[in-house]
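Once you've looked at the hints, dock chain B against the given chain A.
Keeping their order, the protein sequence lines are chains A and B.
The numbering of the first sequence is the working numbering, which starts it at 1 and goes up by one.
The numbering of the second sequence is the working numbering, which starts it at 1 and goes up by one.
The hints are simulated quantities; they were obtained by calculation from the structure and are not laboratory data.
A hint or two may mislead.
Stated by the list, open to error - Simulated crosslink set (EDC-like; lysine to aspartate or glutamate; CA at most 16 Å straight-line):
(1) Lys267(B) / Asp28(A)
(2) Lys313(B) / Glu285(B)
(3) Lys260(B) / Asp273(B)
(4) Lys282(B) / Glu264(B)
(5) Lys267(B) / Glu72(A)
(6) Lys65(A) / Asp18(A)
(7) Lys260(B) / Glu72(A)
To be verified - On the chain A side, residues computed to face chain B include the following (Cβ under 8 Å):
(8) Ser15
(9) Ile16
(10) Met17
(11) Ser20
(12) Ser34
(13) Ala37
(14) Val63
(15) Ile76
(16) Met80
Glycine included, every Cβ here is placed at the ideal spot set by N, Cα and C.
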Amino acid sequence: VAFLEKMRETNMKFSIMDHSGHSTEAFDKASAESLAAAQARFDELIAEGRTAAVRTGEGSGRVIKAFEPADEVLFIPRLMGG
Amino acid sequence: LPLNARDIALRSAEEAFYSVIRSAGQDRPPYLDRIDYHRNHDNGSLAFEARFHSYVGQSVHWMLFERLDYSRFDLGGYVRECHSLYSRLYEDHMLQLELQPRREALERLYRIMAPAHMIENAREDYRRFEEHLRRHHSYVRPGSVWNDPNPYYINRTIREIEPFRHEGPSQVFRDVEETLRRSRNAVEAQMFMGSATTSTTATEQRTLTADSVLRAYERFASTPSSWNNLVASDLTEASLQRLRDYVLGDYAPQNTEADKKGIELLKSWLTPDQLAQYEKSKAFEVTGSHTGKRYRIKHGRQMNIEELDKNGKRVQGLCALPIGTLVAGDCVLAQKLAIETNEKQFLEVANKFA
Numbered sequence: 001v002a003f004l005e006k007m008r009e010t011n012m013k014f015s016i017m018d019h020s021g022h023s024t025e026a027f028d029k030a031s032a033e034s035l036a037a038a039q040a041r042f043d044e045l046i047a048e049g050r051t052a053a054v055r056t057g058e059g060s061g062r063v064i065k066a067f068e069p070a071d072e073v074l075f076i077p078r079l080m081g082g
Numbered sequence: 001l002p003l004n005a006r007d008i009a010l011r012s013a014e015e016a017f018y019s020v021i022r023s024a025g026q027d028r029p030p031y032l033d034r035i036d037y038h039r040n041h042d043n044g045s046l047a048f049e050a051r052f053h054s055y056v057g058q059s060v061h062w063m064l065f066e067r068l069d070y071s072r073f074d075l076g077g078y079v080r081e082c083h084s085l086y087s088r089l090y091e092d093h094m095l096q097l098e099l100q101p102r103r104e105a106l107e108r109l110y111r112i113m114a115p116a117h118m119i120e121n122a123r124e125d126y127r128r129f130e131e132h133l134r135r136h137h138s139y140v141r142p143g144s145v146w147n148d149p150n151p152y153y154i155n156r157t158i159r160e161i162e163p164f165r166h167e168g169p170s171q172v173f174r175d176v177e178e179t180l181r182r183s184r185n186a187v188e189a190q191m192f193m194g195s196a197t198t199s200t201t202a203t204e205q206r207t208l209t210a211d212s213v214l215r216a217y218e219r220f221a222s223t224p225s226s227w228n229n230l231v232a233s234d235l236t237e238a239s240l241q242r243l244r245d246y247v248l249g250d251y252a253p254q255n256t257e258a259d260k261k262g263i264e265l266l267k268s269w270l271t272p273d274q275l276a277q278y279e280k281s282k283a284f285e286v287t288g289s290h291t292g293k294r295y296r297i298k299h300g301r302q303m304n305i306e307e308l309d310k311n312g313k314r315v316q317g318l319c320a321l322p323i324g325t326l327v328a329g330d331c332v333l334a335q336k337l338a339i340e341t342n343e344k345q346f347l348e349v350a351n352k353f354a
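Bound conformation, chain A alone:
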């Protein structure tokens, strides 16, 4: 349990919506190098026009404009009128 708790604390996951349902990318919050890579990836995805959201509770979320070392960040493509 302690190991899993530790993993949960240190893991960071990007869920990126795409044609496959979504793809995930994992980063280690305990590693400065991995965090830097996560931030670079975050900036890249935002620059592509995606919106980033993080969970704030069960079934709720908020949009973030800048990188945050959250447990999970969801990237959503830009909305368009249909």
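Below, chain B alone, put in the same frame as chain A:
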């Protein structure tokens, strides 16, 4: 008028022709278009011409007794050839009758849903059709009557029948997929350039593209002549599935891994109440972050959001979806988060409909 030898031969052949038809149990072939009689004013002889429309949509055009050397006319050979051709046409006719319900089913298939067994039936039809072509249309037997050069033999002209080419992937599907690819590229290019962001252009083009593919299918299914380039083995399950998915678009059943992943992700972001609603009715309600209005999001990709009044009744429909080709679960989740976190921007982007 006194009959000359040519007229007598003509009558004999004509009688033989109809006797063959009668022996098959019918007064005339149902696909017989017309029979014409021609008199050659140079020598006073008669010719008789029969036009058929065979199942494969080709016009079979017989010119009987043209340049006939009546003195060497072989009535027995003529009767045999009548039997041969009639049998072929009759088989075409029966094949058409048998395939008609299947063709209609195929058309319905692409209009609504495509159960696997219907696809399999359609494929079986094509296999049989191809086998028929191979046996009767795709080659000329050496020395056969089709190109027999003997001048005294019954001279016939078969027009518009060309050898069927069996050369790799069906042109039908190549054309459809090429159209599809070009249209998709155009739509997605517009999306990324932003010109389609706040208009209905993307939806309209998507619809147009789906319509054009549907029309291609209809042409393919209902026009036998379009089958000429078809090789049954090209109708792989994958190509049918791919095109079917596109034509059916949002209404395709969720049976792919991508769909499942999308739904899993969606469920993980729903509140317990929303999840219960979704499990029950494939729809759930959300609250707008700015106005506090209620919206109902149904499972789907587009045109799946309703604005509700205080009594939970629909006020209007709203349509906004993420760019790109996303599965329904992803689209619903994107719509939920947009309404719950930035309703104002969502309403600016979304198109309204009654």
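Ser34(A) as an interface hint toward chain B, with CB separation required under 8 Å: Check failed: Cβ of Ser34(A) comes no nearer than 23 Å to chain B, outside 8 Å.
Is the interface hint satisfied for Ser20(A)? The criterion is a beta-carbon contact with chain B at less than 8 Å. Nearest chain B Cβ about 5 Å off; hint holds.
Quick one, is the Met17(A) hint okay against chain B at 8 Å, beta carbons? holds (4 Å)
Can the restraint linking Lys267(B) and Glu72(A) be considered satisfied, given a maximum Cα separation of 16 Å? Distance ~15 Å between Lys267(B) and Glu72(A) Cα, so the pair holds.
Can you confirm whether the C-alpha distance between Lys65(A) and Asp18(A) stays at or below 16 Å? violated (20 Å)
Given a cut of 8 Å on the nearest C-beta pair, is the interface hint for Ala37(A) held or broken against chain B? violated (23 Å)
Lys282(B) paired with Glu264(B) [C-alpha distance capped at 16 Å]: holds (13 Å)
Using Cβ atoms only, decide whether Met80(A) comes closer than 8 Å to chain B, and label the hint accordingly. holds (5 Å)
Taking the least C-beta to C-beta distance, is Ile16(A) closer than 8 Å to chain B? Violated, about 10 Å.
Is Lys313(B) within 16 Å of Glu285(B), Cα to Cα? Holds: Lys313(B) and Glu285(B) sit about 12 Å apart, inside 16 Å.
Given the hinted pair Lys267(B) and Asp28(A), is their alpha-carbon gap at most 16 Å? Roughly 25 Å separates the two Cα atoms, so the pair is violated.
Need the status of pair Lys260(B), Glu72(A): alpha-carbon distance at most 16 Å? violated (20 Å)
Hint compliance for this structure: hints 1, 3, 6, 7, 9, 12, 13 are broken, all remaining hints hold.
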